[in-house]
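Residue numbers (my numbering), protein chains in the order written: chain A, -5 to 324; chain B, 139 to 511.
Note that these hints are calculated values from the structure, not bench results.
Every residue, glycine too, gets a C-beta built ideally from N, C-alpha and C.
Heads up, some of the hints might be wrong.
[As the list claims (entries may be wrong)] Covered by chain B, per the in silico footprint, the following chain A stretches (three or more residues, Cβ under 8 Å):
1. 86 to 93
2. 228 to 235
[Claimed, not checked] DEER-style ranges, computed between Cβ atoms:
3. B:363 to A:190: 23 to 33 Å
4. A:99 to B:212: 40 to 50 Å
5. B:471 to A:100: 17 to 27 Å
6. B:425 to A:99: 36 to 46 Å
7. B:302 to A:298: 56 to 66 Å
8. A:51 to B:392: 23 to 33 Å
9. B:344 to A:298: 48 to 58 Å
The lines below spell out each chain.
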Amino acid sequence: MTTTMVQALNTALRDAMRADESVVVFGEDVGVLGGVFRVTDSLADEFGADRCFDTPLAESGITGFAIGMAMRGFRPVIEMQFDSFAYPAFEQVASHVAKLRNRTRGALELPMVIRIPYGGGIGGVEHHSDSSESHYAHLPGLKVVTPATVEDAYSLLRSSIDDPDPVVFMEPKKLYWSKSDTALPVRAPGLGAARIARPGGDVTFVAYGPSVPVALDAAEAATEQGLDIEVIDLRSLVPLDDAAIEASVNRTGRCVVISEAHSFAGIAAELVARVQQRCFYSLQAPVLRVAGLDIPYPPPLYEHLYLPSVDRVLDVVDQLEWDELPNRAV
Amino acid sequence: MVAPTDERGPRGLLPSVSPVRFLTVDGELTELDEHGGYQLPPAERLATVYHQMVVGRHFDTEATNLTKLGRLAVYPSSRGQEACQVAGVAVLGAQDWLFPTYRDTVALVTRGIDPVEALGLLRGDWHCGYDPVATRTAPQCTPLGTHLPHAVGLAYAARRRGEDLVAMAFVGDGGTSEGDFHEALNFAAVFDAPVVFLVQNNRYAISVPLSRQSAAPSLAHKGIGYGIRSEQVDGNDAVALMAVLSAAVESVRSGAGPMLVEAHTYRMEAHTNADPVDRYRDASEVAEWVERDPLRRLERYLRAAGELSDADVQAAEHAAEELVTWMRPRMNVDPVVDPAAMFEHVYAEPTAQLIDQRDMVVAEADLLAGEDR
Ligand SMILES: Cc1ncc(C[n+]2csc(CCOP(=O)(O)OP(=O)(O)O)c2C)c(N)n1
Ligand SMILES: [Mg+2]
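Here chain B stands alone, though its shape is the one from the complex (with noise of 0.2 Å):
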C-alpha cells in the first residue's frame, strides 16, 4: 500500500502501524520502534501526571460511592482511562479549550475545576455545573458527537481572532460511527482548524463491542479520508501519551492544521453504575486489563527511572486524600432548588409565557413550602 504522503508528517497522515507505546505492561521502556518518533517526555512531567492520575482515581472511587448514597443520579466511570483523561488535559495551556463528554470527569477535575461544580451534571444540580467561559471548558456532552462541530467552530474563530489557541475535543470509539464526528473532521481539514480529536477507544459503546462500530484498521485511520494527519496510541500508557498528544498540540498550535489520535484503552468499570455488564463481557476480558492498568505502570516506571520517591506517592495519596475530603461534605447537603431558576436562562429576557409559568410554578412551591411549616 502507498502511504499518502503529505509533508506534514513522515508518515504522511497515516497512523503508527500499531499504537505508539513507551512503557511495557511491566512499565518498562520499550524499543525504539515502539516510540514512533517521538520523544520521551521530561521526567517532572510525568511526576505531575502521575499525581494528578493518582487524584483522578481517587476522585472516580469517591464518585461512585456517591452513586449509591444517591448522591448522583449516575456515574459513567473513567475508571482504567485516567492516563488519557489526565494527558489529554496536561498537554493545554490555560487558554486553550476542552470539548468533554459525559465519561470525562476525571479530565475536569484534572483541568482545576471544583469536582463538587464538575459532578454539577451528574447530581442532577444543573446541566453543567461549571463555568465554562471561566474554565475554558465546555459543558459535557450526552448526545454523540454533536460537541465536535463546535469544538472546530471555536478553534477556526479564535484562529480568526488572531487567538493561540487549540480545542481539544474528547469523544469515544461508539461516538466515531456518529455522522457529526465525520462533519466535525470534514470541517476541521477543510477551514484548517486547529483541534485535536482524541477518541478515547475503551472497546465499548455501553454492550455494543468495537466491532460492531468499525471494519477500519483502526479509528485513527478515519482521519486519512479528510486530510487529517492521524495517530494512535497506546491508551494506557500515560508516557506515550504524553509525548503523542503534546507533539500533537504544538503541532496544531504551529499552524499545521488538525490531528486525530485514537487512544486503545479499556473501561475498567461498566458503563454507569446502573448497567449490568455481565451480560455483554467476561470477567477475565477485565482481568487482563487490570494488569494493563496505567497508574500501575507509570508508577512503576517513575520509581525504576528514580523519578518518584515514596515521599511523592504519599504526595499524590495525600492530595487525593484531601479531595475527597474537601468534596464529600459538600456533597452530602443537598442541593438547594429553586424553581425560578429553571425559567431565567431560556432567553436573554423571560417571554411573556414563561414568566406566567413561573409564576404558577413559583406559586405552588411557595404553598407546598407553606404547607411544610
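The following block holds chain A by itself, in its conformation from the complex (with noise of 0.2 Å):
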C-alpha cells in the first residue's frame, strides 16, 4: 500500500494517541477539517472532541495552553497552520518552552510537541513558505527534528511525542505528498541519529527536509562525472548527530551543506563552522554550502530561482578544488 508523509503523520498521531491517552492533539482545524493539511484527519472522530479540537485563533494561546496542560500531566501534540503564523508563538516558544525545565532544574517538564508544516516549493503565496528552523535551533531546551521521508515522518513524530523534552517538529510541506510503499509503523533510532540517505566515497552532502531530494538528486546527477556523493539526512538539528557528520566528512574530505533556508546566520553555517572545526585535517577543499538567498521568500513565479536546485549544488561541487575528478573516465 502506497503512503503519503501526511498519512504517515496521521497514523503517528493516530498511533500515539490508541498508546497513551495523555496525548492530545488542538490546534486551528484540526478538529472536523482534520488540519488545512489533513495531518489531523478523522482524529477527532476516533478519539472524540476531548483528544483532538480546535482553539480560539491565536498562537500564542495556543502554545501557552499547551504548556499548562503539559504541567499537569498531559503530552500536547499542538499544529501550527504554517511557519509563517507560529511567529506570534515565538515569545511563549523562547521564554517557556524551551525554558521551563531548567529554570525550575527538573521539576517541571514539557513533553509536548510543536508541530509546523514549513518550507517553499509548493507554490504558496506570501507568509507560506518560510523556512524557520534556525529560529528554533538557536534556543537551548528546544529539540528541532525534521523528517525527509515517508517512513522517518512517522517514526520522528512518534519518538518526538514519546520524548520528555518539547520537540518543534518541522514538516517540509513540499514532501507532505511524497510517497512510499513500505508498511507502518516503522521505527527509526530516536532523536539525535542522522541517517545515511545515500553511501558515497567522493563527497559529503550534509541536508535535512525538504533538501534532502534535492541532495539526493544532486548527487545522482554527479555520478555523470564519475562522483560518488554520499547524502546525509539530519533528521534532527537538535541534538545535532555530529558524530555521523564527522565520520562521513573525514572519508570524502569534501563536505557541501545544502538547506533552503536563508543562508545568513543559517544552520547551514553552523553546520559548515562545525565541519570545519571538527574534519580540519582531512579536508581537501573549503566546506561549502547551497542555502536559500538572503531575500523575503519571493512570489511562487521567482520560486524556483530561490530554491537550492541540483545545478546549484552541482556548480558548487565544481568547486571543491579537485585537481582532476576521480574515475573521470566513466
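Could you fit the two chains together into a complex? Lean on the hints.
Structure below.
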C-alpha cells in the first residue's frame, strides 16, 4: 500500500493517541476539518473532541495553553497552521517552552510537540513558505526535528511525542505528498541520529527535510561526472549528530551543506563551521553551502530561483578543489 | 446602558460600578451599598490575614534592605500591595495553583515557601528557587502576561482529570495590555477553565501611568468582551479582597467559569530598587496612598471590632521578626555556584554538545580554583 507523508504523520498521531491517553492534539482547524493539510484527519472522530480539538485562533494562546496542560500531565501535540503563522507563538516558545525545565531544575518538564509545516516549493503565496528552523534551533532547551521521508515522518513524530523534552517538529510541506510503499509502523533510532540516505566516498552532502531529495538528485546527477557522493539526512537539527557528519567527512574529505533556509546566520552556516572545526585535517577543500537567498521568500513565480537546485548544487561541487575528478574515465 | 445579562451573576458579567469596599480609609465599616452584595468574611480569617500581612510587610522591608547589602540583584517591592497578595493566596486551598509575577514575593511567602527559596530568582541563585510542583506555585513570571495562558491550560487539564483545582493568576495593570492577557481570558472562557485572574492595578507600569495602558472604564471591564464575569475591588482593603476573592474562588471551583478581578492598589515603592521614581511621580501622590495603607486599615478595623488584641499584634510582630531572623543569616551566605549545574536541566539528558561545553567550563573552573589555592 502506498502511503504519503501526510498519511504517515496522521498514522503516527493516531498510534500515539492509541498508545497513550494523555496525548492530545489541538490547534486551528485540526478538528472536523482535519487540518489544512489533513494531517489530523479523522482524529476527532476516533478519539472524540476531548482528544483532538479546535482552539481560538491565537498561536501564543495555543502554545501557552499547551504548556499549562503539559504541566498537569498531558502530552499536547499542537499544530501551527503554517511556518509564518507560528511567529505569534515565538515568545511562548523562546521564554517558556525552551526554558521551563531549566528554570525549575527539572521539576517541571514539557513533553510537548509543536508541529510546523515549513519551507517552500509549493507555490504558496506570501507568508506560506518560510524556513524558520534556525529560529528554533537557536534556542537551547528545544529539540528540532524534521523528516525527509515518509518512514521518518512516522517514526520521528512518534519519537518526538514520546520524548520528555519539547520538540519543534518541522514538516516539509513540499514533501507532504511524497510516497512510500513501506508498511507502517516503522521505528528508526530515536532523536539525534542522522541517516546515510545515500552512501558514497567522494563528497559528503549534509541536508535535512526538504533539501534531502535535492541532495539525492544532485548526487545522482554527479555520477555522470564519475562522482560518488554520500548524502547525510540529519533528521534532527537538535540534537545534532556531529559524529555521523564527522565520520563521513573524514572519509570523503569534502563537504557541501544544503539547506533552503536563508543563507545568512542559518543552520547551514552552523554546520559549515562545525565541519571545518572538527574535520579540518581531513578536508581537501573548503566546506561550502548551498542555501536560500538572503531575500524575503519570493512570490511563487520566482521560487525556482530561490530554492537550492540540482544545478546550483553541482556548480558548488565543481568548486571543491578537484585536481582532477576521481574516476573521470567513465 | 443595558448590562450584558448572564445567569451566573446578579450583574451579568459586569463589575460593580465602583470598587467593592468594606473599610473606609480609617478602618470603619462602609455602608452596605459599597459591599457589592458580598458577605463580610469571618473575623478569624481576617485576623489570620492581618497576621500574614504583618509578616509580609516585614519580609518586604528585609528584602529591600538585602538589595542595599548587595544580597539581591534587584527587588520589586510588594509594599502597599500586601492585602492583594495575602488575600490572593489566603483564599486558595493547598491543591490549587498560584501563578505569580516577579512582583509577588510576599504572595510566595504567604503560600508558605521558604523566604530564601522565594528570593532565589532575585538573588540570582537560580531562575526559580522553589519547587513549583511541591508548592503548587508556578515560577515567578517576568515576561509580562505570558504565564496567564499556562494557568488556563493547567486549570483546564486539571478539570479534564477530574481534579478539584483552581488556578489563581496574578498580573499587573501594565500586563493587561499584553496580547497574552487577552488570549488567556479568551481561552479561559472558551474552555471554561477554573481560573481567577487577579489584576493588581498599582497604577504604574514602571513609569507609565494607568491612563496610557487603557481607556476602559476599569481593567475589570476587559473581561466582559470575552464572556468572563468581572469584578473590581479596593485593593488596599483586605476585608473587601477576602470577600470578593473567596466568592470568586468558590464560584470558579463550583464550575461557574473563570473570573477576572481587578484590585485597585498602589505601588508604594519605586518599581524596583533601581528605579528613579521621582522622575515620574510626585511625593504628594505617594503620601495620599500612605493614608490608605492596607495594614493600618485592617488593624484599626479588627481592633475596633474586638477581634485583635495587643497580644495578637505582638504575636504577629514576633512571627515577622522570627521569619526575618531565620532568613537573614542564610541570605548572608554566598550561594554555591556549581558550574556543572547550568547544563543539568537544559534537556532531560544533556546532548553531546552540552557535555563538551560542560566539561570545558568545569575544567576552567577547576583551574581557577587551583590557582586560588
Ligand atoms: C513582555 C515584557 N515587556 C517588558 C518587560 C519589562 N518590564 C518589567 S516590569 C514592567 C512593568 C510592568 O507593569 P505592571 O504589569 O503594571 O506590573 P507592576 O510592575 O506594576 O507590578 C516592564 C515594562 C517585561 N518584563 N516583559
Ligand atoms: Mg503596575
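Of the numbered hints stated earlier in the document, which are not met by this structure? The structure breaks hints 3 and 4; every other hint is satisfied.
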